[in-house]
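Going line by line, the protein sequences match chains A and B. Reminder that position 218 of the first sequence reads as 218 in the UniProt record's numbering, one-by-one numbering, no gaps. Reminder that position 220 of the second sequence reads as 220 in the UniProt record's numbering, one-by-one numbering, no gaps.
Since the hints were made in silico from the structure, they are not lab data. It is possible that some hints are incorrect.
Listed below are the simulated BS3-like cross-link pairs for lysine-lysine, each with C-alpha atoms no more than 27 Å apart in a straight line [claimed, not checked]:
hint : chain 1 : residue 1 : chain 2 : residue 2
1    : B       : Lys-110   : A       : Lys-110
2    : B       : Lys-309   : A       : Lys-2
3    : B       : Lys-228   : A       : Lys-122
4    : B       : Lys-309   : B       : Lys-353
5    : A       : Lys-57    : A       : Lys-160
6    : B       : Lys-309   : A       : Lys-228
There are 2 protein chains.
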Amino acid sequence: MKKHNFSAGPCILPQEVLKKAAEAVVNFNGIDLSLIEISHRSKEFVDVMENARSLVKELLNLPEGYSVLFLQGGASLEFLMAAYNLMKINGKAGYMDTGAWSSKAIKEAKQFGEVEVFASSKDKTFNYIPKNYTVPTDVDYVHITSNNTIYGTQFKEFPKTDSLLVCDMSSDIFSRQLDFSKFDLIYAGAQKNMGPAGTTLVVVKDEILGKTGRTIPAMLDYQVHISKDSMFNTPPVFPVYVSMLTLQWLKDLGGIPAIEKINEEKAALLYAEIDRNPLFNGFAAKEDRSLMNVTFTLANDDHKEIFDKLWNAAGVSGIKGHRSVGGYRASIYNAMPKESIQVLVDVMQQLEKEI
Amino acid sequence: MKKHNFSAGPCILPQEVLKKAAEAVVNFNGIDLSLIEISHRSKEFVDVMENARSLVKELLNLPEGYSVLFLQGGASLEFLMAAYNLMKINGKAGYMDTGAWSSKAIKEAKQFGEVEVFASSKDKTFNYIPKNYTVPTDVDYVHITSNNTIYGTQFKEFPKTDSLLVCDMSSDIFSRQLDFSKFDLIYAGAQKNMGPAGTTLVVVKDEILGKTGRTIPAMLDYQVHISKDSMFNTPPVFPVYVSMLTLQWLKDLGGIPAIEKINEEKAALLYAEIDRNPLFNGFAAKEDRSLMNVTFTLANDDHKEIFDKLWNAAGVSGIKGHRSVGGYRASIYNAMPKESIQVLVDVMQQLEKEI
Ligand SMILES: Cc1ncc(COP(=O)(O)O)c(C=O)c1O
Ligand SMILES: Cc1ncc(COP(=O)(O)O)c(C=O)c1O
Ligand SMILES: [Mg+2]
Ligand SMILES: [Mg+2]
Ligand SMILES: [Mg+2]
Ligand SMILES: [Mg+2]
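Bound-form chain A, shown alone (with noise of 0.2 Å):
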């Protein structure tokens, strides 16, 4: 049966992407070899190592001065990976608190210094985007996630700041158009936009590393990574080459120019069922709302049972919403295609007619 699959990660990914995966893992480029079984320094692999990367700088519109790296632990590897290496010692760190990932990443920040949480909105369980704080100046960066995942929010205006910029863009990186060189740190696990889980891009400005007074393991250390093109140790090939391929997938396709605008359409389509239906209540603040995880409830829970029967018999799979929100997540990331969005909204039109 066919699955319209809105999982929130690991998700849905491109099934031309797939089925050259599934190809490689028998036999590689024809070479009559798997591609997880040859050596990671071989021509072959070096290759996809480079051209994973030199894709990532196409797409993002990088300036030179960047670095891209691929690297493992996940995003909340480089929760500790950040502070390790760019807050000094005796140093401070500024973050906003937009739930639980910049939670976590507050929590592990703290073990290097002192951190300021200047804005938050744990108020109203992190429905909205802080708006209207003051970005501390005396701060060795300024840490933001861009996208939260859980409660369907997303950042539209980032803060101003002369410190440096990191952000976690885990689940909107390569959505949409934004002046990637604004940020001085960017990471995100590969498991939504780009590939599989197994993991993690950085893309880092030069000349910010190396400042902080601290002798950093060489695990993690960006610029060691850097200084050995990614392959320090041996990288995680089949999550480098999907991720390869969804990239190429990406560009074929027209960029981020031409994903953006899809993805507007695909999350209007779906608001715009949550507003009118009035089965349904959108959870995130409208002007937050996400573009890739949209999350909601239903207006009277009674109706539980019986939505939940009418999407899983139309093979909609993935939207139970997280235990901290409850309800429901539709995460519609780049791969998603509209004809699946449109299941959900008939699906929840034909709510209206059942009861």
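Since the structure of chain A is provided, determine the placement of chain B with the ligands on it from the hints.
Showing chain B with the ligands alone in chain A's frame:
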């Protein structure tokens, strides 16, 4: 053309594992979704993780009191985590230096306290395993590397100590029978005998943790990962799945006792030819020869061109030696069939005829 893949890692995996892995990338267990696009919290993937962890316990015949983790970061991150989790504040650790990998482990440990290198084979380019050393008694733990992947040496007897025993088994775990309960912490990058690159196996005795007095960052804390059943953050889904398939393959084959016998036969075949054939010299001391990585050199470098032509023509791949040893390295891990080793032996004999 049929390839004979002697790569040192990532390396050969069983053909049936590659086939099943490719199928799962397109449609996992007939659920009409790819393995790599479903949530890691789905029942389907939680089952994979649980199965992988219990196969490890079963194959290694671990008693109660051990935890099994599948992490990210490779063995290189474990160099750091081992020290972070086990070396007390103002503590000390004892390391044996049997080459590149132990040397890197030593370097990372030094950031946490005193490191006594109580035995080393550096004097002879690490071509042997030290004997007749004295294990220090005032240490928090003793660290060894069971098999040196680069030099082709392997511990046959392990140091006796009343301190904790930590072992990097990246390149020989699951290849031979050992009393694994003698070790307090074992770690291994998956990309040799267990699976593809992108996950690291950690086997740790629970009672040794939480005793250093240190605050450990969440992602580097074994106790955090244990408390979350190896899912503190998004795990590397595909590498864990392929590891599970490979462990299942090993179990079906008869487990470690069965593969040990095969591995001994395979290694004997190749070493016999190295010893018999006057054109080749073994690199490692005979009594310390690795059953996994067979290192050898040409007696006369003038034969290099013709030998390289011969093995290339026979479909042999991945036998170029590491730059720090030169010559050749045939890695003959669990999944390497005896027939492929015979092909290499035939080529070595052919060289004799042709010159
Ligand atoms: C915004 C954001 N940051 C960080 C993470 C954590 O990523 P990982 O599981 O790769 O550590 C997630 C996971 O979903 C996320 O959505
Ligand atoms: C014995 C040993 N330890 C550690 C490593 C490093 O592993 P990784 O590249 O996964 O960090 C290797 C890599 O080949 C190895 O052979
Ligand atoms: Mg957040
Ligand atoms: Mg409504
Ligand atoms: Mg070593
Ligand atoms: Mg000889």
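A quick look at each hint next to the structure:
Proposed proximity of B:Lys-110 and A:Lys-110 is supported: the alpha carbons are some 24 Å apart, at most 27 Å. A hinted pair counts as satisfied when its Cα atoms are at most 27 Å apart, and B:Lys-309 with A:Lys-2 does not qualify at roughly 51 Å. Between B:Lys-228 and A:Lys-122 the CA atoms are separated by roughly 25 Å; this keeps the pair inside 27 Å, and the hint holds. Restraint check for B:Lys-309 and B:Lys-353: satisfied, since their Cα atoms lie roughly 14 Å apart, inside the 27 Å limit.
Among the hinted pairs, A:Lys-57 with A:Lys-160 is consistent with the structure: their alpha-carbon atoms are about 23 Å apart, no more than 27 Å. For the hint linking B:Lys-309 to A:Lys-228, the alpha-carbon distance of about 31 Å lies beyond 27 Å, and the restraint is violated.
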